[in-house]
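Enquirer: These are the residues of each chain, in order.
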Amino acid sequence: MTVSPAPAEALLSEAQEPGRDRAPRGMSGARAHGLAAITAVYLLWSLVPVAVVVLFSFNAGRSRSTWQGFSLRWYTWDPDGSVINDESIRNALTHTVLLAVIATAITVPLGVLFALALDRWRGRLPAGANFLALITFVIPEIALAIGLLFMVTYLATPFGLGTTAQIIGLVTFQLAYPIVICRARLLTISAHYEEAARDLGATALGAVRRVILPMLFPAILVSAILVFADVLDNFVLVRYLSSDASTETTSMRIYQVARAAPTPALNAMATIILVVSTLVIVVGWLLYRRWSKRQGESTDLSSFAGNL
Amino acid sequence: MPDRTSRFIWPILGLPGIVWIALFFLVPLYVVFCVTFGTVDPIFRSPVPAWNPLEWQFEQVVVVWDRLVGPNNFYLPPVLRTLLYVVVAVVACMIIAFPVAYFTARYAGRHRALILALLVAPFWISYMMRMLAWINLLQPDGLVNSIITLGGIIPLEVNWLSGNPFTVVMGLIYGYVPYMLLPLFAALDRISPSLIEAGRDLGASGFELFRRVILPMSVPGIVAGTLLIALPMMGDYFTSDMLSKSPNTSMIGNLINLSIATPGQSGQAGALLILVLLVLLAPMIWYTRSNAKAEVRS
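Line order of the protein sequences matches chains A and B. Each residue of the first sequence is one higher than the one before, counting from 1 in the numbering used here. Each residue of the second sequence is one higher than the one before, counting from 1 in the numbering used here.
Some hints here could point you the wrong way.
[Unchecked claim] What the simulated footprint calls covered on chain B by chain A, stretch by stretch (three residues with Cβ under 8 Å from a Cβ of chain A suffice, anywhere in the stretch; the number is not a length):
no.	region
1	22-30
2	124-132
3	226-234
4	258-269
[Stated by the list, open to error] Simulated DEER-style distance windows between Cβ atoms:
no.	chain 1	residue 1	chain 2	residue 2	range
5	B	PRO11	A	LEU155	23 to 29 Å
6	B	PRO140	A	HIS33	36 to 42 Å
7	B	GLY109	A	SER71	39 to 45 Å
8	A	HIS33	B	ALA22	54 to 60 Å
9	A	LEU155	B	LEU114	49 to 55 Å
10	A	ALA37	B	VAL69	44 to 50 Å
11	B	LEU76	A	GLY69	49 to 55 Å
12	A	THR66	B	PHE44	47 to 53 Å
13	B	LEU156	A	THR66	18 to 24 Å
To be clear, the hints were calculated from the coordinates, so they are not data collected in a lab. Values in this document were obtained by computation on a predicted structure and should not be read as measured data. Even glycine gets a Cβ: it sits at the ideal position worked out from N, Cα and C.
Please model the entire structure based on the sequences and the hints provided.
Expert: Right under this line is the structure:
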């Protein structure tokens, strides 16, 4: 599932300058309270069910609806059902993270290079490719999944269903993230920087590597986080392109057993993936903050150079 | 000073992406057409793709068309149901998302970053985990039933999880509303407070302000949000599978998914998929174009 990436960047920059005062004046107090109440109810409805899943992963009993005391049983010691002891859960967790790491490592460089090229290269070919990349953003995922499934099944591809097919599908589906985000950022980077670097003797490639890429850092970071989190969440593609139990992911596991009276170990598995994606976001945000602090100095330097 | 390298560098950088999209997006789509418009092996029931468009046959399309509008039209109810579910879910998402986005954009004050983070949180929570959450809550002996029966006193136990259309639509709303919220928030956030003050100074009432300033200016967000949730919902089969698993609530996505799982029906899955893509082609292109234009303008 994809979403317009702009808000994620807005959120990151929001975190940089909190508390922009937009408090309204006058008669709108009652209305603001009403809206606040709606927002609060919405947030509760949106997040409490998930919190219940996390809570019951620590249940001492088998029930997912009756609290029987706190225990780490479903993570650690339960002989046949815990995350550690259930091979299928363990395998789903490692495979999900593996897919996320590899897919991100391919998608982001591929998308960044493509965005760089699109920024300068005019013509029908790049414009058409860009259009297709944007279509992958809104096309129902099932279309791409079935297309790749048919391709792998009926065309003599050098790879079969399984990890490789899953990664190829994920990269194709996620490629629009780095492209859109980096292009938006490139539009704000003036061509002067590159020209200045060229005037100072840099080659075209050198200018990209030493001037443009560092300025793209926040866009690259944001797209990497988005791709990683989105791959952890993927279901349709990875399911159609999986080969057997060894390429099962956590979302497939939930789909498979959620309705068949599973133990809270399933909750524990979902909780672990939630922790992984939260960690990635937190680390990403810290990196972003460090970058913008450092950028505070280098912006001055580059504007100084620009004045020369 | 343009030199040889700078002329070739951009195409070289862009080439991997172009090749990737051609190989793994265009080719797969073409294969869908070849399988759909191919034939079926009479003995093994396996599809025989027709790679040459001149040899394309339309048997599968006729089969699917018959099931849609023929005398035995058992494909029609899921199709109509999908349209109904999607319309209801999209409207509900709008009604839910608008006040929340409006509050966050205008009134959240110093809690803004926190509220935004909470609004975005569902993106980091796996969709399947969010559906699992409702399966847990809606079990016969789950939290929801024990609340509405006041712990078993009132005999009102509802069967939520098998064939209940209300649950499936609620699941769709729950799953997709964040994707409506963010574009709506972005649009509402762009409305300058001074514009609203100007409207008020000119004597507009609260309702008039909403109707003549806020609503028109939020149209891009509403349209983007609607497309962002309606397009994927059209191919959604897992929400219904997770929360109902009954043919009474199956959607187009379920038809496609079932055909894929049934040997010999790949062509029908392809035909259904092509049908969905044809219907969605115009909105998809329109959304992509308008996004590209907005990018140029910004």
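Enquirer: Each hint should be assessed against the structure and marked as holding or not.
Expert: Quick rundown of the hints versus the structure:
1. 22-30: holds (count 7)
2. 124-132: holds (count 9)
3. 226-234: With 5 residues close enough to chain A, the hint holds.
4. 258-269: holds (count 3)
5. B/PRO11 x A/LEU155: 23 to 29 Å: 28 Å, holds
6. B/PRO140 x A/HIS33: 36 to 42 Å: With Cβ atoms ~38 Å apart, the hint holds.
7. B/GLY109 x A/SER71: 39 to 45 Å: At 41 Å between Cβs, range holds.
8. A/HIS33 x B/ALA22: 54 to 60 Å: Since the Cβ atoms of A/HIS33 and B/ALA22 sit about 55 Å apart, the hinted range of 54 to 60 Å holds.
9. A/LEU155 x B/LEU114: 49 to 55 Å: Roughly 50 Å apart at Cβ, these two residues keep to the hinted range, so it holds.
10. A/ALA37 x B/VAL69: 44 to 50 Å: 48 Å, holds
11. B/LEU76 x A/GLY69: 49 to 55 Å: Since B/LEU76 and A/GLY69 have Cβ atoms about 51 Å apart, the given range 49 to 55 Å holds.
12. A/THR66 x B/PHE44: 47 to 53 Å: With a Cβ separation near 51 Å, A/THR66 and B/PHE44 satisfy 47 to 53 Å, so the hint holds.
13. B/LEU156 x A/THR66: 18 to 24 Å: 19 Å, holds
Hint compliance for this structure: every hint is met.
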